[in-house]
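There are 2 protein chains.
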Amino acid sequence: MKRRDFIKNTSVAGAGLTLAQKKKQGRRDSKLSVAILGSGFRGQSHISLLLNRSDCRVIAIADPDKEMVKRTKAMFSKSGNAQPMVYDNGQKDYINLLDKEKPDVVIISSPWMLHTEMAIACLERNIYTGMEVCGGFSIEECWALIRAEEKSESHLFFLENVCYRRDVMAILNMVRQNLFGELIHLECGYQHDLRGVKFNDGKTAYNSGVEFGEKGFSEAKWRTQHSVHRNGDLYPTHGIGPVAQMININRGNRFLYLTSVASKARGLHNYIVDHPKGGSSHPNAKLKFKLGDKVTTSIVCNNGETVILHHDTNLPRPYSLGFRVQGEKGLWMAVNKSIHIEGLSESHRWESQDAYLKKYDHPLWKRWEQKAVGAGHGGMDFFLVHSLLEHAKNNEVPPFDVYDAATWLAITPLSEQSIATGSQPQPFPDFTRGKWLKNTTKFALNDAY
Amino acid sequence: MKRRDFIKNTSVAGAGLTLAQKKKQGRRDSKLSVAILGSGFRGQSHISLLLNRSDCRVIAIADPDKEMVKRTKAMFSKSGNAQPMVYDNGQKDYINLLDKEKPDVVIISSPWMLHTEMAIACLERNIYTGMEVCGGFSIEECWALIRAEEKSESHLFFLENVCYRRDVMAILNMVRQNLFGELIHLECGYQHDLRGVKFNDGKTAYNSGVEFGEKGFSEAKWRTQHSVHRNGDLYPTHGIGPVAQMININRGNRFLYLTSVASKARGLHNYIVDHPKGGSSHPNAKLKFKLGDKVTTSIVCNNGETVILHHDTNLPRPYSLGFRVQGEKGLWMAVNKSIHIEGLSESHRWESQDAYLKKYDHPLWKRWEQKAVGAGHGGMDFFLVHSLLEHAKNNEVPPFDVYDAATWLAITPLSEQSIATGSQPQPFPDFTRGKWLKNTTKFALNDAY
Chain A
237 MKRRDFIKNT SVAGAGLTLA QKKKQGRRDS KLSVAILGSG FRGQSHISLL
287 LNRSDCRVIA IADPDKEMVK RTKAMFSKSG NAQPMVYDNG QKDYINLLDK
337 EKPDVVIISS PWMLHTEMAI ACLERNIYTG MEVCGGFSIE ECWALIRAEE
387 KSESHLFFLE NVCYRRDVMA ILNMVRQNLF GELIHLECGY QHDLRGVKFN
437 DGKTAYNSGV EFGEKGFSEA KWRTQHSVHR NGDLYPTHGI GPVAQMININ
487 RGNRFLYLTS VASKARGLHN YIVDHPKGGS SHPNAKLKFK LGDKVTTSIV
537 CNNGETVILH HDTNLPRPYS LGFRVQGEKG LWMAVNKSIH IEGLSESHRW
587 ESQDAYLKKY DHPLWKRWEQ KAVGAGHGGM DFFLVHSLLE HAKNNEVPPF
637 DVYDAATWLA ITPLSEQSIA TGSQPQPFPD FTRGKWLKNT TKFALNDAY
Chain B
237 MKRRDFIKNT SVAGAGLTLA QKKKQGRRDS KLSVAILGSG FRGQSHISLL
287 LNRSDCRVIA IADPDKEMVK RTKAMFSKSG NAQPMVYDNG QKDYINLLDK
337 EKPDVVIISS PWMLHTEMAI ACLERNIYTG MEVCGGFSIE ECWALIRAEE
387 KSESHLFFLE NVCYRRDVMA ILNMVRQNLF GELIHLECGY QHDLRGVKFN
437 DGKTAYNSGV EFGEKGFSEA KWRTQHSVHR NGDLYPTHGI GPVAQMININ
487 RGNRFLYLTS VASKARGLHN YIVDHPKGGS SHPNAKLKFK LGDKVTTSIV
537 CNNGETVILH HDTNLPRPYS LGFRVQGEKG LWMAVNKSIH IEGLSESHRW
587 ESQDAYLKKY DHPLWKRWEQ KAVGAGHGGM DFFLVHSLLE HAKNNEVPPF
637 DVYDAATWLA ITPLSEQSIA TGSQPQPFPD FTRGKWLKNT TKFALNDAY
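Protein sequence lines correspond, in order, to chains A and B. Counting with the numbering used here, you get residues 237 to 685 for the letters of the first sequence. Counting with the numbering used here, you get residues 237 to 685 for the letters of the second sequence.
Among the hints, a few may not be true.
You can't tell identical chains apart in this list, so a pair holds if it fits in one copy or across any two.
[Claimed, not checked] Here are the simulated lysine to aspartate or glutamate pairs, EDC-like style, with alpha carbons at most 20 Å apart:
no.	residue 1	residue 2
1	629	291
2	500	578
3	500	418
4	607	626
5	451	303
6	524	418
Everything labelled a hint here was simulated from the structure, so no lab data went into it.
Isolated chain A, as found in the complex (with noise of 0.2 Å):
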């Protein structure tokens, strides 16, 4: 691969070398540099982890947001950890971060309108570059980011951490092993009821009052904004990423094309008139809300499996990702927690799904459980720290590449265009160029990392 092939490099000496140049050299530091750009309380989670780890020092913070950092200074003063850099200065004081400071490892935990113009920054700069999740806004997005990485030195690295979801890791060996057989239809999704999230008392992150934007605090402060003005699926790769594990997308398969309906909108507007800190007199009940409450994905792959993607942030509801893996063979359904196999199960009928999760637990849970344990989002993100430094010491393709990156960000305006047109489908570009004919998962081969 030519941007692998760093001789042009090799003469450029000193300081200042990316990760890739120095390890040619051999001159490595024995621990990775990283930097947060974003330090809110995503930002955060990830920092404890890292703080936890030996081989790597989070050397700078970037985060216009004052509040944020000083929480975030609190963290490496408690765990007895040297201060990093603070760049604080504005929206783009991340830029002096990067070429000042030229950490092996970013991870780009800020608001979603931001990620992909970071992320390239980064690439540009030949930094492994992990990116947290988000729903895009333009297919062209979509390929600037793709641009950035395939001139870049480094890779892209998508976090995506429900991949490495115990029980949805444990369904992947299962596919693996051939238990459900060829797969013929999913389900995913993101249902959380984000409206103690999407508001707030400006103070309080969560369940404190019906403010957002100026007067929100955390997600609030930029989060909300997005169900204002868009109707679409905003956050589709909880669900699309461990999905398109199974189904090998970008990997042999891939999307062909989706369609989209959305429901009324109802929840937000009723939140805020029914909060006691809010009422029908309060500004924010002027609001309509663009988001529908539920908004439902169908996507078809090339190779005949269909998908559906769940929706559904503005109600009263429990969590769930929504689940459903089923094959020529069996079933999997998440919410109430059971299986059908057929030879296995009794026929017509469900099992729990405990003795099967238990058995195929996956290597790389089975192996560090211990350390995952206490870890954010049921263990999970220790995997998926782990997975992007070990990949980032070896300047390694990763598991979910630019290209997953680009395929599932994609969703979010497909989803938009579809519902704004009517339902009609909307195609998805082949971000592969055709590499999908070709490539393989590097997805949790082992338990590695």
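Could you slot chain B onto chain A? The hints should help.
Frame of chain A, contents of chain B only:
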């Protein structure tokens, strides 16, 4: 309503009067006369309920299948009822039945392709017409039913039994009492491993072989052919009927359009190849089944709700109609038998449905529970037949009328069209021609029928 004005008919005297005419003249027999068109297993199931009732007599059956006629006659002997007149001289002999026996009520439980033709013949003869469910074939067929009904002095009762399922009626009760608030999103469908129904050995109906068509028995004789040639939601009404009650379709609301996706087809072929009486050299192993194993249809409603409709009949799986009823205030899902209602349930947590289903048990079920015990499909068939006969007695507009029949049947051809055109959206005609603006529901408003 013009067709209910029977003055023009009162001069006709003697036998051969319609039910409505006899009633008008105060000359109606105290028992309804019922005829069954199609006395296969579904017809026999209805007959067993009818033979238990004191308000009707089953006077005639029509079916060209000698074996099924024999079984049906045995039911009459066993129960000590007078034998019905039998019309078994080919597929058109039912016309002779209608003209000679002049039944008050007909139940059409023949193969799908005969439903519309038979219903139109009954309506032309002003017979109160109960038509069994299936999916339709064309939009024109739906209009033909409507034209026939609007000209008739009688009515079409579309026999969707799942509207009477106990949990479904309790949830409808909760919907009407506003437990869920304004409804936002619904799911439903027909998910039933029918492989052992679509194929048999020509003698035993279920799980006995891999034959169908002329070599098959019962449903395998005619139903399987649809899976060979058609790709769409072939059986939408068990799901959509109950959902239509909850969101008042054709009564202040209507379906605007749908899109459908279909997965690849593997299940039926596998079944033939893997069956001990089949194998890869069995002639049926050469067939290419057109019906995708999983067909998913998304419907957008005039009042802003979305409906997802599942069709899944070719793969190993437990039976599930997959109901999901979601509103501003809460959510029911049948698959995990759970409910979440804001203010009642713990925040972000499921509750068992049990206490809710008990508390909101529908008055119909409370009153008739003992009668329903033992009736087909968990008792709901009792309510269906009960409702049909009670409505027929007074020639009342049924709860599921010809406009519902047309709307629900239309899903099949519309889904076929959508799949055939790469999931292009397909508009629903307004079969009511505006009557949905004013019509209101007649379904299950009290405990009578």
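Now for the hints, and whether the structure bears them out:
no.	hint	verdict
1	629 - 291	within (10 Å within a copy, 83 Å between copies)
2	500 - 578	between (40 Å within a copy, 19 Å between copies)
3	500 - 418	between (36 Å within a copy, 10 Å between copies)
4	607 - 626	within (15 Å within a copy, 68 Å between copies)
5	451 - 303	within (14 Å within a copy, 76 Å between copies)
6	524 - 418	between (44 Å within a copy, 17 Å between copies)
The earlier numbered hints are all upheld by this structure, with none contradicted.
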